[in-house]
Amino acid sequence: MQLNREELLKAYRDMRLIREFEERVHTEFAAGGISGSVHLYAGEEASAVGFCMNLTEVDHIASTHRGHGHSIAKGCDVKGMMGEIFGRSNGLCGGKGGSMHIADLEIGMMGANGIVGAGPPLICGAALTAKTLKTGGVAIAFVGDGGSNQGTTLESYNLAKVWNLPVIFVIEDNGYADTTASSWSVGGSQTKRAEGFGLPGYRVDGHDFFAVHKVAREVIGRARAGEGPSLVHARLTRYYGHFEGDGTTYRAAGESDKARAERDCLDIFRRRVTEAALLENDQLDAIDREVLGLIDEATAEAKAAPAPAIEQLFTDVYLSY
Amino acid sequence: MQLNREELLKAYRDMRLIREFEERVHTEFAAGGISGSVHLYAGEEASAVGFCMNLTEVDHIASTHRGHGHSIAKGCDVKGMMGEIFGRSNGLCGGKGGSMHIADLEIGMMGANGIVGAGPPLICGAALTAKTLKTGGVAIAFVGDGGSNQGTTLESYNLAKVWNLPVIFVIEDNGYADTTASSWSVGGSQTKRAEGFGLPGYRVDGHDFFAVHKVAREVIGRARAGEGPSLVHARLTRYYGHFEGDGTTYRAAGESDKARAERDCLDIFRRRVTEAALLENDQLDAIDREVLGLIDEATAEAKAAPAPAIEQLFTDVYLSY
Amino acid sequence: MSRKSIRQAINEALALEMRRDARVVVMGEDISGGMGAPGEQDAWGGPLGVTKGLMPEFGRERVLDTPISESAFIGAAAGAAATGLRPVAELMFVDFMGVCFDQIFNQAAKFRYMFGGKAVTPLVVRTMYGAGLSAASQHSQCLYPIFTHIPGLKVVLPSSAYEAKGLLIQAIRDDDPVIFFEHKAMYDEEEEVPDEAYTIPFGEANLTREGDDVTIVAFGRMVQFANQAADKLEKDGISCTVVDPRTTSPLDEDTIIEMAEETGRVVIVDEASPRCNMATDVSALITQNAFGALKAPIKMVTPPHTPVPFAADLERAYIPSPEKIEAAVREVAAA
Amino acid sequence: MSRKSIRQAINEALALEMRRDARVVVMGEDISGGMGAPGEQDAWGGPLGVTKGLMPEFGRERVLDTPISESAFIGAAAGAAATGLRPVAELMFVDFMGVCFDQIFNQAAKFRYMFGGKAVTPLVVRTMYGAGLSAASQHSQCLYPIFTHIPGLKVVLPSSAYEAKGLLIQAIRDDDPVIFFEHKAMYDEEEEVPDEAYTIPFGEANLTREGDDVTIVAFGRMVQFANQAADKLEKDGISCTVVDPRTTSPLDEDTIIEMAEETGRVVIVDEASPRCNMATDVSALITQNAFGALKAPIKMVTPPHTPVPFAADLERAYIPSPEKIEAAVREVAAA
Ligand SMILES: Cc1ncc(C[n+]2csc(CCOP(=O)(O)OP(=O)(O)O)c2C)c(N)n1
Ligand SMILES: Cc1ncc(C[n+]2csc(CCOP(=O)(O)OP(=O)(O)O)c2C)c(N)n1
Ligand SMILES: [Mg+2]
Ligand SMILES: [Mg+2]
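Residue numbers (the working numbering), protein chains in the order written: chain A, 1 to 321; chain B, 1 to 321; chain C, 1 to 335; chain D, 1 to 335.
Next up, chain A with everything else stripped away, as it sits in the complex:
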């Protein structure tokens, strides 16, 4: 465990911030303040944070429809995100994108994406930019277990390999694509697929921040050193439905409660760092309070923000036309 105290605090705060953000979106959605399709990342925080902790602003990530966690981990402004999800003018995309299109290219967040499997090709492009312009950057595509079956994803493994791109594919396997079990939909295995394309493939427990962080450091290090792409298969749990409103009847009774009770990434982290006396419970509690306050503020600001002006309908289609 090579993380210093500051890094540990940051890791915890990022995970907690994602969790609190998602819990709030869950509540606000139920209360009727949010429209559209919203896919929550609660339960999967260790993956986004474990990877993004190893990145800087020269690095890029491409996300999925379940993009809030990746966005926060990569450094998107949570107030802007909340405003966006509420469809307000203070939103990160001015209210034009919504939950599924949160992006901030300036900090290397290439966007949540409404199209399953669209991220991997795009991230190959970010990696190509890094390689061509010698920025030193690496690029990570987060992909769901469902998205791992999309041809666009599979092609990208090969392109990354033959172009020797600094790319990491992170398969976030939460067991389901919508209602469909990954144990059914994924023929073979994620790591063997990687090897089939000549990529080193790793498995990791996605509930365990430290495990994720360790493998992330390794594959990112390799990519940064010009040694090419890798794939990481992280098993993890989504706490809520596929989207807000999903009854999740296809899951086993108590399935996600059990994961929450036994394999929660925040609990595991807290236990680990306090038992090893790396951090104090007080410090973590303070973060919890700070984060809660921030989410309160973000929510209040989003609700108070005006809707986008109608003229916004017509702008931003082209730079010039």
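Hints were generated in silico from the structure; no laboratory data involved. Glycine included, each C-beta is placed from N, C-alpha and C at the ideal position. It is possible that some hints are incorrect.
[What the hints assert, rightly or not] Straight-line distance between alpha carbons at most 30 Å, and here's what the computed DSS-like set of lysine-lysine pairs gives:
| # | chain 1 | residue 1 | chain 2 | residue 2 |
| --- | --- | --- | --- | --- |
| 1 | B | K134 | C | K184 |
| 2 | A | K303 | D | K118 |
| 3 | C | K118 | B | K303 |
| 4 | B | K258 | D | K52 |
| 5 | C | K184 | A | K303 |
| 6 | B | K134 | C | K52 |
| 7 | C | K118 | B | K10 |
[To be verified] Now the stretches of chain B that chain C is said to cover, found in silico as 3 or more residues with beta-carbon under 8 Å:
| # | segment |
| --- | --- |
| 8 | 79-93 |
| 9 | 97-103 |
| 10 | 192-199 |
| 11 | 305-318 |
Place chains B, C and D with the ligands on chain A using the hints.
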């Protein structure tokens, strides 16, 4: 070697017929009688015939842009094929398809295809029909090494696996996709990719009919028994350019001549069966003559056949409209 | 006969045809749901419950859940159609066409022509389209003009529950590839629908009303909006004909031309992006064939040339509304 | 200034821009050729030699051959464009769009809008289109109406070598995603082309001739055919204006409307399939905006609603020819 005399004669005749057909198309193209893009299968005959010998009319194949060999091996009428390539009314598709769209659904030939990677999804459909209607049929997609990188192909491995379809994917690796070497374009390996998706993967020398036939029998038998899809990686050589007109400067000097001299599938076959005293040279020579006569006839008939009537432009778009 | 939602009408059409013909199979992502999962099977019946109940009745052999691989399974549906099944594949949102269009437009659509008339491809692709549910740019598009552009495809846009049932049964019995568009904001809309199977032929427009002053040609959900506008206009003494072409390919050119000629004033309403869309298609048709009868410029009511925005107010401003249709009709009536 | 073929003009445009700006990279299947092979490198320069010579000058880092994976590499080009490069990706034939359209129409085209104006995507996709080389149904399509339909894309259809060079340089310098269509039957056509770099702005139509009787609006290769037809008609005293819009998106609506008004008689020539195509788009535009000036029905000259056939005679009958254009103009002139 479990083939009887009749089967051996058929195998030789089919390979010879393909070869003679392709040699003639090569000559006629050079003479200016054929227009459009023509991709010749000469050199690869053992693959098409080795597989299709194990099929009957309940079975389906999907081919590629390089489709003449598969078509003949599956039993398409060579006169109809020649007429089609000449764009004549006696063509298998009435002159509307040309070399890249030769098909005969009645005998299970689902078409050459102008789109690289389009065959694998289609063949999953033929296999689904066989499975659903319990025809006992199996389905084979022939795919080039270049086509093996297309997402549509890779997705199909997974679909065939999770639906447990009676499908075989045959990767015909002739070393090049256009000018691009498969040693560069294919990350990993074909057989490891197969395993990555949970399919058994086999390698075979595609110049050797007997080797192909053996593995074909095995994977087709397994598919027919409901034991699911497989992949076969056949290495072979295309004698001519990517298309007629290609200068092939990207190849090593003498590369294809060498293969013709040393690894020609017809030579290997003849040597093997005559040395083992399974067939006589005379018998094979007789086939050569018979086939040559047939190709002469097919060519003469194609040249003599009228162009399609102009009204044909408007027909066959819909059954009813 | 009973009141049924569009959701029910579509479900019933599928069930009836599956009972009638063992070759009809349906497939798609979560088309039943719970595949391989420990909990409820048939958990969703598609994301909006349209196919719920089919799997319990017809089994997993005929109601096939798929991995997320649209090229593979839509292509498989095309291949199955060409070899003896009559598949109804669900492309969850038409916005996803970009990952599988080849199998539709270069394969299924062209088999028959390329093969010189020797293929029959009874494929139906059901797909959701349209704005109105805050689904943003990648889940709200119409895109039917793209499919209409392609020779070899038939394109269906039902405007009500009655229409949906009859047109879907027709689509399933049809021997050509059909793309069947379901507007995601309309599933709950109800009307009287017969319980038994019936078909509505393709290429025969429906006149939802006839009037003397202005002819409105509208597609899919816009038929409803056009009728709402016509109701209001009626009160001000402007009487409209509303033409619902039902299918954009084949298009009932004769009825459209005739109705354009009758009033000499035409408004076309299309929820699709404005360039190269059905509004331009119908306008050009009329101008080429009924020019002499036209008394005023043909007006098109469409969204602006922008992606679909997320925020509710922006999305409302994006969609052609009954108010915009009304204004256009008034303008054309006065011209 | 010297005579250059369209092939040379395009090659020169690419080379000039690559010299000027290190962020410009080109990629595609066999765009150089011989990748990993034992023989000649830069063996093809694309299937028709258009990019030959770029790799020797700029190296494999900036001239990137790709596996056959259009989604991956066109998507990579989009992603690279959004992160600092200015990629020119080659989609060998536009007919292959069906395997990669998502990356073009849902990703590159929509970034800027979805992200609230915070993306810049200077992507160019070069692609071959059109019939005439016996390439049959899957290698002869036009499909630019589909791209024109999509908000967020710009669509360019050069009609000659001079146009191709100036429009391609503009495309590369443009900050929005541009789809650049090259007609595969035109590469050898020559004219005088300046040696240095120059740009032709998008959305400004070119009048290849002006006349009094009939306005012909034509696209891409059809501009040449329209000029040929106009030459013949001239001799019979029918004088035509020929409008080459150059780009279908943006479209120079003002010039088209103005030229339609000047003659009051319009023929539109489009090589694309007839439904929801540019002919309908322009016809509808004129009818909505210049109705009062029209003296005759607008006629559209297009192929029939069929795939492109293989046989030479059928293909010839399929393509709008100078003769068909001439006949349409005569009809409109007499109406
Ligand atoms: C191309 C495409 N196909 C289907 C969908 C519909 N869809 C959205 S999310 C989803 C499931 C994704 O599952 P997975 O990749 O495992 O991600 P998770 O939701 O579990 O995070 C589906 C089918 C889509 N958005 N895009
Ligand atoms: C989707 C698509 N991309 C590109 C092409 C152009 N193309 C036709 S054949 C070919 C090379 C195919 O190589 P391979 O699959 O190895 O088959 P081979 O020609 O060697 O038999 C290419 C790039 C195409 N027809 N379709
Ligand atoms: Mg999942
Ligand atoms: Mg090859």
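Each hint, compared with the structure:
1. K134/B to K184/C: violated (36 Å)
2. K303/A to K118/D: Holds. K303/A to K118/D sits at ~23 Å (cutoff 30 Å).
3. K118/C to K303/B: holds (23 Å)
4. K258/B to K52/D: holds (29 Å)
5. K184/C to K303/A: Satisfied, since the Cα-Cα distance of roughly 27 Å is no more than 30 Å.
6. K134/B to K52/C: holds (26 Å)
7. K118/C to K10/B: Between K118/C and K10/B the Cα gap is close to 27 Å, so the pair holds against 30 Å.
8. 79-93: holds (count 3)
9. 97-103: holds (count 3)
10. 192-199: violated (count 0)
11. 305-318: Three-residue rule met by the segment 305-318 of chain B, so holds; n is 4.
Figure legend: structure checked against the earlier numbered hints; hints not met, in rising order: 1 and 10.
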